[in-house]
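**Student:** Sequence:
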Amino acid sequence: MKRWATKQAGFTIVELLIVVVVIAILAAITVVAYTGIQNRAKDSSLKSTSAQAAKKLMTVAVQNNDSYPVDKSDFLAKTSTSESQSLEYIYLVTDSLKDFCLSVDNPSSADNAYATTSSVSNPVPGTCIKNFIVNPSVESNLMGWTNRKTAVVTRTTSQQHTGTASISVVTPGTESDEGVNLAVSSNAVPVGAAGNYTGSAWVKGTSGVVVRIFVEEYTGGGTYVAGAASNLTLNGSWQRVSATKLISADTSKVAVNVRTLSATATTFYVDDVMVNAGSRAYQYGDGSTLGWSWAGVPDNSYSIGPSN
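Terminal number for the sequence shown in the working numbering: 308, no gaps in between.
For the record, the hints were derived by calculation from the structure and aren't laboratory data.
Everything numeric in this text was worked out from a predicted model, so none of it was measured.
Keep in mind that a hint or two might mislead.
Unchecked claim - Below, in silico cross-link-like pairs of lysine-lysine (DSS-like), each with a Cα-Cα straight-line distance of 25 Å or less: (1) K72 to K55; (2) K47 to K72; (3) K55 to K98; (4) K98 to K78; (5) K149 to K78; (6) K56 to K98.
Modelling step: build the complete structure from the supplied sequences, incorporating the hints.
**Tutor:** As structure tokens, this is what we get:
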């Protein structure tokens, strides 16, 4: 008997492509889901580590007349805490040893850092930083702030970025670099360690006017060393300008000022000034910010707290 050959049906190219695409989509979904679960697990671990460290700090304070460890080394020793490649602490404490900020992060990844403070026991996102400026928002007075060249500098409550006041700077336009000196020369801020420091300020003024912020290094004796600057073209709303300066010596001091780039008759306002360690302009904070602490008299001392 004669047999007829039968043809076996196979997948077409289109069908194969559809299968490949579906597999790729499912794989991508799996990777995204796994990454999300992994990131949440890392966040949860950092939060837990931060909370546990804060509890240890509270115990240390109870045992030491309500005083916290004097520095990071003291914190690590008294709380029997250790660091690793995947775990790093930043510990800041006020001179009185009565207020602290402690943050923990994974330096080998871009994960969030989490912080606790003497007033916030539940971990919040952020890295502990110090705002070196002692009167950053002129809420009470103009202490430490002076005019630069022929500018007229006053405290005003008609404009503010935060709080109730800011610095009004009126420049007659007779020369360039008119503005406001923020803790310059004899009032410059001791930083305590060489490295990068970033100064920032919020500025508001007439659209088109160009101002610049200077971050300057002075010796411990008050001699000018060098500065770094960044320009900002104003647009009529509050804007932030920042510059980073590499400070060369542990004994150096830092000062900041905001001034016009060229001879310009104008009025601008300055508020929320900050100098922090590092090359990043962190979100502004001072002792009146939630979770932050003044080191001494409010609006007349440096402050510490968590920031992003």
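**Student:** All the hints need checking, so say for each whether the structure fits it.
**Tutor:** Hint check results:
Of the supplied pair hints, the one linking K72 and K55 holds, its CA atoms being roughly 16 Å apart against a limit of 25 Å. Distance hint between K47 and K72 is fulfilled; the C-alpha atoms sit about 19 Å from each other, no more than 25 Å. Note on K55 and K98: the hinted pairing holds, with a Cα-Cα distance of about 15 Å set against a maximum of 25 Å. Restraint check for K98 and K78: satisfied, since their Cα atoms lie roughly 16 Å apart, inside the 25 Å limit.
For a cut-off of 25 Å, the pair hint linking K149 to K78 is broken: about 51 Å separates their Cα positions. Restraint check for K56 and K98: the C-alpha separation of about 15 Å stays at or below 25 Å, so the hint holds.
Figure legend: structure checked against the earlier numbered hints; the only hint not met is number 5.
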